[in-house]
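Trainee: Here are the chains, one letter per residue:
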Amino acid sequence: MAITPTPRVRVPTQAKPGELIEIKTLISHEMESGQRKDASGKIVPRKIINTFVAAFNGKTVFEAEWNPAISANPYQSFFYKASESGELVFTWKDDDGSNYTSKHKLTVA
Amino acid sequence: MNLMKVEPSRRDALAFAGLAGLAALLAPRMAFADVAAVDAEIKKLYGDKKPESGKIKLDVPEIAENGLVVPVNVEVESPMTEADYVKAVHVFADGNPLPGIVSYKFTPACGKAAASTRMRLAQTQNIICIAEMSDGKLYSTKASVKVTIGGCGG
Chain F
1 MAITPTPRVR VPTQAKPGEL IEIKTLISHE MESGQRKDAS GKIVPRKIIN TFVAAFNGKT
61 VFEAEWNPAI SANPYQSFFY KASESGELVF TWKDDDGSNY TSKHKLTVA
Chain D
1 MNLMKVEPSR RDALAFAGLA GLAALLAPRM AFADVAAVDA EIKKLYGDKK PESGKIKLDV
61 PEIAENGLVV PVNVEVESPM TEADYVKAVH VFADGNPLPG IVSYKFTPAC GKAAASTRMR
121 LAQTQNIICI AEMSDGKLYS TKASVKVTIG GCGG
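In the order they appear, the protein sequences are chains F and D.
Counting in full-length UniProt numbering, the first sequence runs from 1 upward without gaps.
Counting in full-length UniProt numbering, the second sequence runs from 1 upward without gaps.
In case anyone wonders, no lab produced these hints; they're calculated from the structure.
All figures in this text were calculated on a predicted structure; none of them were measured in a lab.
It is possible that some hints are incorrect.
Label-pair restraints from in silico Cβ distances [what the hints assert, rightly or not]:
1. Lys137/D / Glu30/F: 14 to 22 Å
2. Tyr46/D / Arg10/F: 13 to 21 Å
3. Thr81/D / Ile43/F: 40 to 48 Å
4. Glu62/D / Leu26/F: 20 to 28 Å
5. Thr60/F / Pro71/D: 21 to 29 Å
Once the Cα atoms are required to be at most 27 Å apart in a straight line, the calculated BS3-like pairs of lysine-lysine come out as [to be verified]:
6. Lys59/F / Lys137/D
7. Lys112/D / Lys105/F
8. Lys49/D / Lys93/F
9. Lys47/F / Lys137/D
10. Lys137/D / Lys16/F
11. Lys49/D / Lys142/D
12. Lys81/F / Lys57/D
13. Lys16/F / Lys49/D
14. Lys55/D / Lys105/D
15. Lys87/D / Lys93/F
16. Lys44/D / Lys105/F
17. Lys112/D / Lys59/F
18. Lys50/D / Lys24/F
19. Lys81/F / Lys44/D
20. Lys44/D / Lys103/F
21. Lys24/F / Lys55/D
22. Lys137/D / Lys105/D
23. Lys50/D / Lys103/F
24. Lys87/D / Lys59/F
25. Lys16/F / Lys87/D
26. Lys142/D / Lys59/F
Glycine included, each C-beta is placed from N, C-alpha and C at the ideal position.
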């Protein structure tokens with residue numbers, strides 16, 4: 001049943017200084033809400049990704065706290081204003097303590 | 001005289017039984033949040049501070065056929081400079097088992113206070129969005145979504 005969370009991110013590799021880029025992310029995850037019952041009537045325990053963090057060169061630029069109401073395979077898009085070259089790191093934090101990360105180089109010229 | 005006294009109490013008892021039955025019918029699934037639960041969440045975050053209207057563009061479908069995946073897009077009007085930016089945005093629902101949907105933390109580096117995700121809605125309900133500016137001002141807006149098939153599995 002359990003799927004291995006695999007992040008998929010769409011982010012440009014190049015940008016002009018001051019350009020506003022849109023970042024789209026998706027991660028495969030069942031996002032078990034803790035509200036659902038299994039066939040025997042027992043509540044399936046909650047297991048969701050509770051936090052998504054986007055950082056540029058180690059500094060957090062955007063953060064989303066997800067509740068069980070977020071759909072399975074959570075999608076998140078947001079904006080980033082390119083100012084200098086560096087690395088964007090996205091981290092998804094799971095209820096079970098696992099972290100999933102995805103890194104992207106961004107060249108600003 | 002005696003009969004007249006008995007009559008209303010029996011009617012009350014019947015009405016009470018009817019209400020209890022209705023509650024029993026609704027209860028076995030789960031308890032749902034309501035407007036009060038959303039207000040309590042907002043109070044927890046910002047106390048008694050009253051939000052103003054405006055600035056927020058909350059984009060949700062009027063009718064969602066599938067409550068499992070309902071797109072939600074929020075955008076707050078702001079120059080997003082170090083001096084004036086959107087600090088946080090919270091999205092709540094008043095008819096889900098839990099009122100919270102998502103909370104965003106923005107920084108001036110975002111350039112634009114906008115984000116989209118997808119949410120689960122158990123039933124037809126209101127989506128409430130509240131934004132906190134860097135100067136402490138609050139803004140809020142509300143939109144209703146009709147849900148054809150609820151997204152809570154059961």
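Trainee: Hint by hint, say whether it matches the structure.
Mentor: Right, here's what the structure says about each hint:
1. Checked against the given bound of 14 to 22 Å, the beta carbons of Lys137/D and Glu30/F, roughly 39 Å apart, lie outside it.
2. For the hinted restraint 13 to 21 Å between Tyr46/D and Arg10/F, the CB-CB distance of approximately 34 Å leaves it violated.
3. Hint check: Thr81/D to Ile43/F, Cβ distance near 47 Å, so the stated range 40 to 48 Å holds.
4. Between Glu62/D and Leu26/F the CB atoms are about 25 Å apart, so this pair conforms to the stated range of 20 to 28 Å.
5. With their beta carbons about 25 Å apart, Thr60/F and Pro71/D fall inside the hinted range of 21 to 29 Å.
6. Using a Cα cut-off of 27 Å, the hinted pair Lys59/F and Lys137/D holds, with the two alpha carbons roughly 25 Å apart.
7. Taken as a hint, the Lys112/D and Lys105/F pair is honoured in the structure, with Cα atoms around 21 Å apart against an allowance of 27 Å.
8. For the proposed pair Lys49/D and Lys93/F, the alpha carbon gap of about 31 Å is over 27 Å, so the pair is violated.
9. Restraint check for Lys47/F and Lys137/D: not satisfied, since their Cα atoms lie roughly 34 Å apart, outside the 27 Å limit.
10. Annotation: proposed proximity of Lys137/D to Lys16/F is violated, straight-line Cα distance about 33 Å (limit 27 Å).
11. At most 27 Å may separate the alpha-carbon atoms for a hinted pair to count; Lys49/D and Lys142/D meet this at roughly 17 Å.
12. Among the hinted pairs, Lys81/F with Lys57/D is consistent with the structure: their alpha-carbon atoms are about 20 Å apart, no more than 27 Å.
13. With a C-alpha separation of about 41 Å, the suggested pairing of Lys16/F with Lys49/D is violated against the 27 Å cut-off.
14. Proximity of Lys55/D to Lys105/D is assessed by CA-CA distance (about 17 Å); at most 27 Å being required, the pair is judged to hold.
15. A hinted pair counts as satisfied when its Cα atoms are at most 27 Å apart, and Lys87/D with Lys93/F qualifies at roughly 21 Å.
16. Taking the CA atoms of Lys44/D and Lys105/F, the gap is near 39 Å; set against the 27 Å cutoff, the hint is violated.
17. A threshold of 27 Å between alpha carbons decides the hint, and for Lys112/D with Lys59/F the separation of about 17 Å falls inside it, so the pair holds.
18. At most 27 Å may separate the alpha-carbon atoms for a hinted pair to count; Lys50/D and Lys24/F exceed this at roughly 33 Å.
19. At most 27 Å may separate the alpha-carbon atoms for a hinted pair to count; Lys81/F and Lys44/D exceed this at roughly 32 Å.
20. About 35 Å separates the Cα atoms of Lys44/D and Lys103/F, which puts this hinted pair outside 27 Å; it is violated.
21. The hinted pair formed by Lys24/F and Lys55/D meets the criterion: a straight-line CA distance of about 24 Å does not exceed 27 Å.
22. A threshold of 27 Å between alpha carbons decides the hint, and for Lys137/D with Lys105/D the separation of about 15 Å falls inside it, so the pair holds.
23. Taken as a hint, the Lys50/D and Lys103/F pair is broken in the structure, with Cα atoms around 40 Å apart against an allowance of 27 Å.
24. Restraint check for Lys87/D and Lys59/F: the C-alpha separation of about 16 Å stays at or below 27 Å, so the hint holds.
25. Taking the CA atoms of Lys16/F and Lys87/D, the gap is about 25 Å. The hint holds against a cut of 27 Å.
26. A threshold of 27 Å between alpha carbons decides the hint, and for Lys142/D with Lys59/F the separation of about 32 Å lies outside it, so the pair is violated.
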